[in-house]
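First to last, the sequence lines map onto chains B and E. Residue numbers for the first sequence follow this note's numbering, beginning at 325 and rising by one. Residue numbers for the second sequence follow this note's numbering, beginning at -16 and rising by one.
Derived from the structure by calculation, the hints contain no laboratory data. Hints should not be assumed to be uniformly reliable.
[Claimed, not checked] To give an idea of the interface, some chain E residues facing chain B are shown, with a C-beta separation under 8 Å as derived from the structure:
(1) LEU(-13)
(2) VAL(-11)
(3) VAL265
(4) ARG272
(5) CYS503
(6) GLN504
(7) ARG508
Idealized CB from N, CA, C, for every residue including glycine.
Residues per chain are reported as follows:
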Amino acid sequence: MGEPAIEVLGLRKSFDKKDAVAGIDLEIAAGSLAGLVGPNGAGKTTSLSMMTGLLRPDAGRCVINGHDVWANPSAAKAVIGVVPAEARLFERLSGEEVLEYAGRLHGLPAAEARKRAAQLLDVLDLTADAKRLVADYSTGMRKKAALGCALIHNPPVLFLDEPLEGVDPISADVIRRLLKRLVGTGSTVLFSSHVMELVEQVCDHVSVIDKGKIVATGTTDEVRGGKTLQQAFIDLVGPRSTDEEGLSWLGSSSN
Amino acid sequence: MARLLVELKLRLVRNALRSSTAAQVSFLVSTTCAALAAIGTFWLLAQLRPLSSSVDLTTVIFSIFAIGWLIAPIFAFGLDGTLDPATMALYPLRTRQLVVGLLAASAVGAWPAANMLGLLGVTIGLARGLGVLFAFIAVALQVLFCIVLSRFVITSMARLLRSRRGKDLAIFLVVPVFAIFEFLIQVIPRAVASGGLSPASFAGVDSWMRWLPPGLAAHSIQDASTGHLGDAVARLGLLVAVIIVLGVLWVRSLGRALVSTDTTTGSSRVHNAALPLARYGVRGAVAARFLRYQGRDPASLAYWAIVVVIMFVCSASTIVGPHQHPAVVVASAVFGAAFAGSLHANPVGQTGPAFVFEATALSGRRELRAYFSGQDVVFGAIAMPLLVGVCLVLGELVRDPREGFAAAAVGLAGLGAALAMSNIFSVVLPYPMQKRAGNPLPQQAQGYGGHAFGAMIGTLVCVAVAVIPVIVLGNLTSSVSAAIRIPVLFGLAAGYGFGLAWLGVRAAAIVGEGKLPELCQVAMRTSL
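Please take these sequences and the hints and turn them into a complete structure.
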């Protein structure tokens, strides 16, 4: 295993006395494409928010490429790109304006930001819609625009929260290839998802989070232990409900 | 179906009441206002009895209620599920069932009841003899006309109102409504007090209004009271015909609206190729984004228009009244600057979740200074000519241009103080915002009323205190030649204002440096 690009130690966060993240430790090697999987409400988004400096943890630390996110946020933010679960974009900017704005906020010269924005829009198949307002974009287009914004300053570490939620299969394939290409150049990607097939296909490292705790972590093969990742995941977190007795009326034959 | 939809409406109200204390307070305030409106309208209409122009004034009041029914649902659309036909589209309902149900649901509530009871004041103010019976029928038909008109317009505009452009339109409507409201509560009472407006002013207005539906209702009462029963019946018949035509149009538009629920927003293309201010780093980037928003965000445009309305209203008494107090233009400048600042004092909440986008790049004190000063550059570039221009116009209107120039100088200093306070409050008292029923402009989220009030009052007080030296200087130099006084006053006020704004940027950056995660949480709790 190489040097860790992401190192999380004892990260903890509570909301109204309820532990959203109950002290997690994580180590992702540089050049990994890592998945953070868990059921709804497991703490994935809260963990990623704390790792990216958007949510102050109650305890613990997170180090990205040697920079402590909370002790030295400027240095840490310079080396990360973030794609939140709900694309938080400026609705009244056009697609190309929002990418250029992201580049300039990260200190790129305007001309370079424009050049990269045009290239990213092309790769993400958004060129035809580049001059439309983000407010008029579909969910998938917004995801792709958010990914472009996160990539424009060429961050060595990329965090994505549910990156393929609401994205059509063609666009999903584009995003998958883009992430693999990024990792191929030595960058590190950590993304959260509850789509096991996707994680199984693309990730070389998987961590399973449930009720705010990491219940399994390692290479994808280690975590699934000879089963499908879906089955391994269900075995780890347990099925949520099996009682379907009360639904005897449901189904065509019951009419 | 009518019963089900009425029950749905009552259940929605009941659930809203259970949701929070703020909702209970809001319901109580709304119901109290409706009761007061009913009593006030009844009393007002009853007072018209001895007046020769009572039918003209009744027509005007009936028309005002009809306009209210027309406008209010546009503001509430998207927030009141019972108004949008799309919410019913998935259920196997016939259009006729739906029409009856929606009509019944519309007629239930404090405001429809207040409308009905208030307008019955005509039984005292206008009706005599058999006219009383006609008054009950005419008022019932007037309320029915209002409901059907409101439903027809809303249903016809459903596709538009559901879209971004429709929501933008609703925001723009806030400005004339705000201006009319201010006109009614500030200017009209003063005009009445000074004798500039009296019941006689309305004489003859119904020469054309009598043929509109509210006029038909009012005049049928008058006709029945004066023994012209044939005319009264004919007018009511005409009103019924109008309601039937509107009803048919409503049914047709409802049929169309039910099968056009998936219509997407018509998208617009922008013509600007790249963001401006490329040479100025992060400050230039933030300024460029803020500049784009000032032109494209209807809320930003509405805020600037509201500032202009406030400035004119402050000086209205001197403009329209017989008593001249030119110094009131200075008050306009102070209020204009203060409200410009307080309306922009919560950029994190106003930006909403997109602030997180900026927060992923901003972290140090230097970047935050660039962030605040970038916004201030654009804010100042818009506010300075606006405030100076309005002050000069007001100076002309109060027939004292010198006072207009002095007020403009005060406005420049006030603007600097307003910028400083808006930046400081944006990190000291940030609060999430949300859209609420009855107002298309985003308001502070429930539980944050104190933050919004504190920021507004704090900005007002600080601006008022900060401009005192400029006002004193203006008074001390009032006898100096204008050619010397005005440039010196302008230069000193602008320099002073710039200094205050600069201090505000530095203070906000120092406080904001350690609070970025908390600001992000405020932004993420915002729903625009």
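Each hint, compared with the structure:
1. Annotation: interface hint on LEU(-13) of chain E violated; nearest CB of chain B at approximately 22 Å, more than 8 Å.
2. Contact between VAL(-11) of chain E and chain B, as hinted, is not supported at the beta carbon level, the nearest pair being about 29 Å apart and thus beyond 8 Å.
3. The criterion of a C-beta within 8 Å of any C-beta in chain B is met by VAL265 of chain E, whose closest approach is roughly 6 Å, and the hint holds.
4. At a threshold of 8 Å, the smallest CB-CB gap from ARG272 of chain E to chain B is about 5 Å, leaving the interface hint in force.
5. With a cut of 8 Å, the hint placing CYS503 of chain E at the interface with chain B holds, because the nearest CB-to-CB distance is about 5 Å.
6. Of the supplied interface hints, the one on GLN504 of chain E holds, with its beta-carbon coming within about 7 Å of a beta-carbon of chain B, less than 8 Å.
7. Nearest Cβ of chain B to the Cβ of ARG508 of chain E: about 12 Å, over the 8 Å cut. The hint is violated.
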